[in-house]
Amino acid sequence: MTTVKPILLAEDNPRDAELALAAMEEHHIADKVVVCHDGAEVLDYLYCRGAFASREPGNPVVVFLDLKMPKVDGLEVLRTIKSDVNLKPIPVVMLTSSREECDLAQSYALGANAYVVKPVEFHQFITAVKELSVFWGIINEPPPDSSASTN
Amino acid sequence: MASVAPQHPVMPITPEPAPGTSPAPTPKNGRLMEWLTHWSIERRVLAGFGLVFAGIVVISAISYRNTSVLIENSRLDSKSHELVQLLESVSEALDATERGHRRYLVTGEESYLKFYRSTVEQMPEYLRYLRGLTNEWPEQQSRVVTLEALIDRQLDAEARAITRREKDGYEAVRHLALSGAAKNELERIHTVMTELDGAEQRALQSRVRQSAGSTKNTIALLGLGALLQLVLLASVYFLIHHDVTERRRVAAELENRGELLQAANKELEAFSYSVSHDLRAPLRHIDGYAALLSKAAGEALNDKARRYLQTISDSAKQMGQLIDDLLVFSRMGRQDMLRTTVNLDQLVKTVLHDLHLDLQGRTISWTMSPLPLVLGDPAMLRQVFVNLITNALKFTATRPEAKIEIGATKRNPSEVEIFVRDNGVGFDMQYVNKLFGVFQRLHRSDEFEGTGIGLANVRRIIHRHGGRTWAEGALDQGATFYFSLPVARSLK
Numbered sequence: 000m001t002t003v004k005p006i007l008l009a010e011d012n013p014r015d016a017e018l019a020l021a022a023m024e025e026h027h028i029a030d031k032v033v034v035c036h037d038g039a040e041v042l043d044y045l046y047c048r049g050a051f052a053s054r055e056p057g058n059p060v061v062v063f064l065d066l067k068m069p070k071v072d073g074l075e076v077l078r079t080i081k082s083d084v085n086l087k088p089i090p091v092v093m094l095t096s097s098r099e100e101c102d103l104a105q106s107y108a109l110g111a112n113a114y115v116v117k118p119v120e121f122h123q124f125i126t127a128v129k130e131l132s133v134f135w136g137i138i139n140e141p142p143p144d145s146s147a148s149t150n
Numbered sequence: 000m001a002s003v004a005p006q007h008p009v010m011p012i013t014p015e016p017a018p019g020t021s022p023a024p025t026p027k028n029g030r031l032m033e034w035l036t037h038w039s040i041e042r043r044v045l046a047g048f049g050l051v052f053a054g055i056v057v058i059s060a061i062s063y064r065n066t067s068v069l070i071e072n073s074r075l076d077s078k079s080h081e082l083v084q085l086l087e088s089v090s091e092a093l094d095a096t097e098r099g100h101r102r103y104l105v106t107g108e109e110s111y112l113k114f115y116r117s118t119v120e121q122m123p124e125y126l127r128y129l130r131g132l133t134n135e136w137p138e139q140q141s142r143v144v145t146l147e148a149l150i151d152r153q154l155d156a157e158a159r160a161i162t163r164r165e166k167d168g169y170e171a172v173r174h175l176a177l178s179g180a181a182k183n184e185l186e187r188i189h190t191v192m193t194e195l196d197g198a199e200q201r202a203l204q205s206r207v208r209q210s211a212g213s214t215k216n217t218i219a220l221l222g223l224g225a226l227l228q229l230v231l232l233a234s235v236y237f238l239i240h241h242d243v244t245e246r247r248r249v250a251a252e253l254e255n256r257g258e259l260l261q262a263a264n265k266e267l268e269a270f271s272y273s274v275s276h277d278l279r280a281p282l283r284h285i286d287g288y289a290a291l292l293s294k295a296a297g298e299a300l301n302d303k304a305r306r307y308l309q310t311i312s313d314s315a316k317q318m319g320q321l322i323d324d325l326l327v328f329s330r331m332g333r334q335d336m337l338r339t340t341v342n343l344d345q346l347v348k349t350v351l352h353d354l355h356l357d358l359q360g361r362t363i364s365w366t367m368s369p370l371p372l373v374l375g376d377p378a379m380l381r382q383v384f385v386n387l388i389t390n391a392l393k394f395t396a397t398r399p400e401a402k403i404e405i406g407a408t409k410r411n412p413s414e415v416e417i418f419v420r421d422n423g424v425g426f427d428m429q430y431v432n433k434l435f436g437v438f439q440r441l442h443r444s445d446e447f448e449g450t451g452i453g454l455a456n457v458r459r460i461i462h463r464h465g466g467r468t469w470a471e472g473a474l475d476q477g478a479t480f481y482f483s484l485p486v487a488r489s490l491k
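These protein sequence lines map, in sequence, to chains F and B.
Just so it is clear: in the first sequence, position 25 is 24 by numbering that gives the first Met the number 0, and no numbers are missing.
Just so it is clear: in the second sequence, position 373 is 372 by numbering that gives the first Met the number 0, and no numbers are missing.
Simulated from the structure, these hints should not be mistaken for laboratory data.
Just so it is clear, CB atoms sit at the ideal spot from N, CA and C, and this is done for glycine as well.
Treat the hints with care, since some could be wrong.
What the hints assert, rightly or not - If you want the footprint, here are the derived chain B segments under chain F, 3+ residues with CB under 8 Å:
| id | stretch |
| --- | --- |
| 1 | 263 to 276 |
| 2 | 284 to 293 |
| 3 | 306 to 317 |
Said to hold, decoys possible - Simulated crosslink set (SDA-like; lysine to any residue; CA at most 20 Å straight-line):
| id | chain 1 | residue 1 | chain 2 | residue 2 |
| --- | --- | --- | --- | --- |
| 4 | B | Lys294 | F | Ile137 |
| 5 | F | Lys4 | F | Lys67 |
| 6 | B | Lys393 | B | Ala280 |
| 7 | F | Lys31 | F | Glu120 |
| 8 | F | Lys67 | B | Ala295 |
| 9 | F | Lys67 | B | Lys393 |
| 10 | F | Lys129 | B | Ala295 |
| 11 | B | Lys265 | F | Glu100 |
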């Protein structure tokens, strides 16, 4: 482990992204966060292509995935991750405004590791993001990187 | 003599027109059809079949009568034939007797009296038979009586002539032997017999004509009946066909509308989905940035500015709550429903247990009567009790001692009524219709908090279970909320 593995945050709304980063700042994990603004960018990052062609190889420690995103939506990204042998071990946490049953069911069916509804209340939101980041970024032991993406 | 017409009983064979129920189309056909189309399909079919049935009954009755006439006529015919034959035998016997007795008178030979003796012996039997064959026709009967008298006289005269021959010899009866002892009587006997025979032949012929007519009549009638039934069946078919076509059209239209409704519903669902998703984000931002602001500039702000920030934050939260409630309400309407046996006693216990933390510091007297088992969705029914009990708790908050009663009544075997009663602030009965509406509130939000969705949810859930909701109350006198649930057959 030469470098600290990053957290990948897929969030199309810059305000939500800023609020999430603000929440993570308190635990000093914000600097390890890579923010993607749509599903295509997430896939680019994971497959080291496009704007991320020259990034250091390796999977993120966790992906926080919004459901509604431009270009490629969250479920599509989730499906791609979970059907790729190299990406499959990455924990994926759905972080969304939707409480709809069909979204929940579909996400879990596709192999999501967790599903979190963004609370409207800021304090709850901050608590949720903090706890998620701490658990997945620090407490949880990520899968070994032996099968890192070589594209 | 031939002027005497035979008066045999003749069965009427012309079919009487069916009384009243003449199925023939009336001249008011158009109006009849119009009147018929106002009937329901069942009545029309019933009327059609009734008419067919009546037609069959009338035709059967007439055919039966005609057939009876045929049978009766054939019985009378065989009687007539017998009569004609009998008359011939009697006539021959009398002729033979007459010839025999004359020969005896001439020759005095005993053997010539053989016919005479057997005729005398047999005649009463013949006559009795004759009476029997004519007993149904007085006209012929009276002829038979005349005939009997004449035969008696003839045989008598012959007997007397035979006696004289025996006593006084041939000379005494010489002229009798030439002309016969009862020549006149014999002639008259033959005349009466001819009359009898003629009358019988005429009756026979008339009956043959009658039978032929009757047969023709029956055949025509049966044909007419078949035609009539065909016409009626065809019209019944037409009516049914007309109705069925109409029903098919209505069903197709209903299906079409159902599809439209389903499409509209889907659209509404998509709408509420994006409401839930897209409206929440800006609210989250309002609250989030207000919090960030108060954190970043907290020290520099005065109390007033801090209160403004708090209000912004509170409003955002309230709107978030409203959206959440609305989504729950909409989900209650479309969610799939379970149908299992629910122990309401147990359900209420767990609800109270979950609420007990909120109840600390309050004095509440609970009155619980046993609740029945019902068939329904446990999560939804739990929501009903949560809403009703939290309502009761909320509106009794101003009371020093809250009294809350939960119970059930069973007025009829098909449903149970469950109620939650409190001694809270109550409501004015004139607003009772607004109670269960979406976002309808009877109190200002600074008096009692809430979004006004709870009772709307209760009503929606109970309606989906096939029950009803209603309430009773008075201002400051408490309120009682009722709901009914149908009792499943297996749970009765």
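Hint by hint, here is what the structure shows:
1. 263 to 276: holds (count 3)
2. 284 to 293: holds (count 7)
3. 306 to 317: n = 3 at 8 Å, threshold three: holds.
4. B:Lys294 - F:Ile137: violated, 26 Å
5. F:Lys4 - F:Lys67: At roughly 25 Å apart (the allowed maximum being 20 Å), lysine 67 (chain F) and lysine 4 (chain F) break the hint.
6. B:Lys393 - B:Ala280: Given pair lysine 393 (chain B), alanine 280 (chain B) is violated - Cα atoms ~31 Å apart, limit 20 Å.
7. F:Lys31 - F:Glu120: Between lysine 31 (chain F) and glutamate 120 (chain F) the Cα gap is close to 25 Å, so the pair fails against 20 Å, i.e. violated.
8. F:Lys67 - B:Ala295: violated, 30 Å
9. F:Lys67 - B:Lys393: Status violated; Cα separation ~38 Å.
10. F:Lys129 - B:Ala295: holds, 19 Å
11. B:Lys265 - F:Glu100: holds, 15 Å
The structure fails to meet hints 4, 5, 6, 7, 8, 9 from the earlier list, while all remaining hints are met.
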